[in-house]
Amino acid sequence: MSEPILSARAVRKTYQSGDRRIEVLSGVDLAVERSETVSIRGESGSGKSTLLNLLAGLDKPDAGEVIWGGGLGLDVRSTFLGMVFQSFYLIPELNALQNVLVARRIVGGIGSAERARAKDLLARVGLAERSHHLPSQLSGGERQRVAVARALMNQPQLVLADEPTGNLDERTGDSVIELLLGLCADTGTALVLVTHNAAHAAKTSRQLFLHNGVLQSAPKPIQP
Amino acid sequence: MPWYFYLALKQLFPTGRKFPFFTFMSGLGIAVGVALLVVSTSIMGGFGYEIRRMIVDTQGEIQVVAQGAISRPDEVIARVEKVPGVVAATPSAQGVVMLEYRNKPSFPAIQGVDLATVSKVIQLEKYVRLGSLDDLDDDSVILSASLARSLGASLGSQVELYSPLLIEKLKNDEVFLPRTVKVVGIFEIGHQQLDQSVVISTLRLMQDLYGLGADVHHINVRIKDGANEFEVADAINRVLPGRDQRAITWFEANADFQSVLRFEKYMVFFLLSFIVVVAALSIMSSLLISVVRKTREIGLLRALGGSGRQIAACYCVQGFLLGIVGTLGGLIISWLVIYYRDQIVRVVAGLTVGQRVFLEFYQFAHLPSHTTSFDIVVITVGSIIISTLAGLLPAWRAARLEPVEALRSE
Numbered sequence: 445m446s447e448p449i450l451s452a453r454a455v456r457k458t459y460q461s462g463d464r465r466i467e468v469l470s471g472v473d474l475a476v477e478r479s480e481t482v483s484i485r486g487e488s489g490s491g492k493s494t495l496l497n498l499l500a501g502l503d504k505p506d507a508g509e510v511i512w513g514g515g516l517g518l519d520v521r522s523t524f525l526g527m528v529f530q531s532f533y534l535i536p537e538l539n540a541l542q543n544v545l546v547a548r549r550i551v552g553g554i555g556s557a558e559r560a561r562a563k564d565l566l567a568r569v570g571l572a573e574r575s576h577h578l579p580s581q582l583s584g585g586e587r588q589r590v591a592v593a594r595a596l597m598n599q600p601q602l603v604l605a606d607e608p609t610g611n612l613d614e615r616t617g618d619s620v621i622e623l624l625l626g627l628c629a630d631t632g633t634a635l636v637l638v639t640h641n642a643a644h645a646a647k648t649s650r651q652l653f654l655h656n657g658v659l660q661s662a663p664k665p666i667q668p
Numbered sequence: 058m059p060w061y062f063y064l065a066l067k068q069l070f071p072t073g074r075k076f077p078f079f080t081f082m083s084g085l086g087i088a089v090g091v092a093l094l095v096v097s098t099s100i101m102g103g104f105g106y107e108i109r110r111m112i113v114d115t116q117g118e119i120q121v122v123a124q125g126a127i128s129r130p131d132e133v134i135a136r137v138e139k140v141p142g143v144v145a146a147t148p149s150a151q152g153v154v155m156l157e158y159r160n161k162p163s164f165p166a167i168q169g170v171d172l173a174t175v176s177k178v179i180q181l182e183k184y185v186r187l188g189s190l191d192d193l194d195d196d197s198v199i200l201s202a203s204l205a206r207s208l209g210a211s212l213g214s215q216v217e218l219y220s221p222l223l224i225e226k227l228k229n230d231e232v233f234l235p236r237t238v239k240v241v242g243i244f245e246i247g248h249q250q251l252d253q254s255v256v257i258s259t260l261r262l263m264q265d266l267y268g269l270g271a272d273v274h275h276i277n278v279r280i281k282d283g284a285n286e287f288e289v290a291d292a293i294n295r296v297l298p299g300r301d302q303r304a305i306t307w308f309e310a311n312a313d314f315q316s317v318l319r320f321e322k323y324m325v326f327f328l329l330s331f332i333v334v335v336a337a338l339s340i341m342s343s344l345l346i347s348v349v350r351k352t353r354e355i356g357l358l359r360a361l362g363g364s365g366r367q368i369a370a371c372y373c374v375q376g377f378l379l380g381i382v383g384t385l386g387g388l389i390i391s392w393l394v395i396y397y398r399d400q401i402v403r404v405v406a407g408l409t410v411g412q413r414v415f416l417e418f419y420q421f422a423h424l425p426s427h428t429t430s431f432d433i434v435v436i437t438v439g440s441i442i443i444s445t446l447a448g449l450l451p452a453w454r455a456a457r458l459e460p461v462e463a464l465r466s467e
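Residue numbers (the numbering used here), protein chains in the order written: chain B, 445 to 668; chain Z, 58 to 467.
No wet-lab data here; the hints were simulated from the structure. Computed from a predicted structure; not experimentally measured. The reader is advised that the hints may include incorrect statements.
[To be verified] Using C-beta positions, here's what the derived DEER-type ranges look like:
{"#": "1", "chain 1": "Z", "residue 1": "I346", "chain 2": "B", "residue 2": "A629", "range": "42 to 48 Å"}
{"#": "2", "chain 1": "B", "residue 1": "G553", "chain 2": "Z", "residue 2": "I346", "range": "30 to 36 Å"}
{"#": "3", "chain 1": "Z", "residue 1": "I346", "chain 2": "B", "residue 2": "R453", "range": "39 to 45 Å"}
{"#": "4", "chain 1": "B", "residue 1": "H576", "chain 2": "Z", "residue 2": "M58", "range": "16 to 22 Å"}
{"#": "5", "chain 1": "B", "residue 1": "G584", "chain 2": "Z", "residue 2": "I346", "range": "23 to 29 Å"}
{"#": "6", "chain 1": "Z", "residue 1": "F81", "chain 2": "B", "residue 2": "H576", "range": "22 to 28 Å"}
In this text, a Cβ means the ideal position worked out from N, Cα and C, and glycines have one as well.
Using the sequences and the hints given, assemble the complete structure.
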């Protein structure tokens, strides 16, 4: 078996809320293989987003460790990881193409190859004709598709998606998930998908459930 | 181009927006401050420059003075003219007389000039509006425009001159008749104070009126263009024959007046610079609002790999760019205002006190302006630095944002 591209070992995280200490994660273990798609479900407030932030290196665990690519440093986060958020987080002053390119700008220069890749990604998410539109001129689904293209711009080995359909209607959400899974499959990119949606989770190769601060294999959906 | 510079540019000049309102308003504040600073320092500098020009035109850059009169002026002039940097020197005598025309007395200052050498030093002919300096002889005078107006005298008028010697003669029971002279010219320098009450005569007439014999009061000196008047004055001082004789520059001769002008200029500069500071504070508050409004974007940029320092640079660059845009705008506005200043003054004066009152009050026929590159550099660099500093606090706040907290913010 190959070395996982992402490992979380005994990760703990607590938050202080007034006088109370709330342990959100109490020893999470996770290993994601290359090209694997993993979904994480859980109740609201169960710590899914906290876990994703720890996996992304945006936050530090109180205990345990997160290892990328067998021991890569934080400095490679932007090329190793792509992130998709519930709220898209597009920069309103930039058009769709510029928003995709901004991920590349932060890690290096922009040349014709990068522009071509950004345009290709926008074409693959079905927005070739909308590449010069501002976020305010795009629908919610289109914005999230731009965000997906941005997440893949630096050819990451892993995409972390935090409830990417949370702000979309069911049909649009379905199409975004199809798109995300399809692009990850095409590019051999691993995906960790945090979602409330059981149907979306079912489309991943491995389904996990975060309960009482630990990851468990998700229960099989009850058949009607 | 670094990404934070690119993003700063895009935040100020967003894609697809023809009129970036925030950028325009922030830049306008700086522009107005810079324009006011440049215009006010130029006008203040203009007053000083005009006065210098008038003084130099009518007195030369350097005057040799003595505690009493200067004896043997030819000898002094010969020594002075050998000093490097000196172009020419001319003797003169100055004092006060009583001038009477049609029983109307006046007490103007009188300056006696040596017709043979005066034009090498003093540009009097430039200011003679009626008549000619060539017509001036020992039986004639040239009056300043205001004096002629107040007396009702004109070209060809016969006026009577009474000198202070009259009092001396009366003490000795001697009869001293006034000197009747003809008005052969009217001059106007353009400065109310210099034009107010002055008579120009020949040096011989002035020597007669004051009983000076061959002595003079001053020797006026013209120096080469670009020569330093203070250095030349020092050199002249080393060759002057009399111990009580001293060469002073036009600046020293009018030191009090120059000090007041300089003080006024610095005060105006100091007070108006607060406009730039206020504009910079408004930029700071706008950028702070921007940091709050864009907290989640800042979180995203951190998530994409941007460092806190780079995020901070993005806001500093915005302050810097606003400073550049505002300063450039201010320089353009100030150039336009300075270029059209006389038209603007005419309109403003016409709408308020009237142009005549304005001219009498400000003593200049037109609004002077003299912009120095030093002033422009100080204002430009100062306003850009202040604007950049205005971005520091927002930058610091943006850099402090933790990516997770920023992404979570509502």
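### Query
Could one say that the CB atoms of B/G553 and Z/I346 fall in the range 30 to 36 Å?
For B/G553 and Z/I346 the Cβ distance comes to about 32 Å; the hint holds.
### Query
Are Z/I346 and B/A629 spaced within 42 to 48 Å by their CB atoms?
43 Å, holds
### Query
Range hint 39 to 45 Å: satisfied by the CB atoms of Z/I346 and B/R453?
43 Å, holds
### Query
Would you say the C-beta atoms of B/H576 and Z/M58 sit inside 16 to 22 Å of each other?
20 Å, holds
### Message
Assuming the hint says 23 to 29 Å, is it satisfied by the Cβ distance from B/G584 to Z/I346 or not?
### Response
26 Å Cβ-Cβ, so the 23 to 29 Å window holds.
#### Entry: Range agreement (Cβ of B/H576 with Cβ of Z/F81, hint 22 to 28 Å)
24 Å, holds
In terms of the numbered hints stated before, the structure departs from none.
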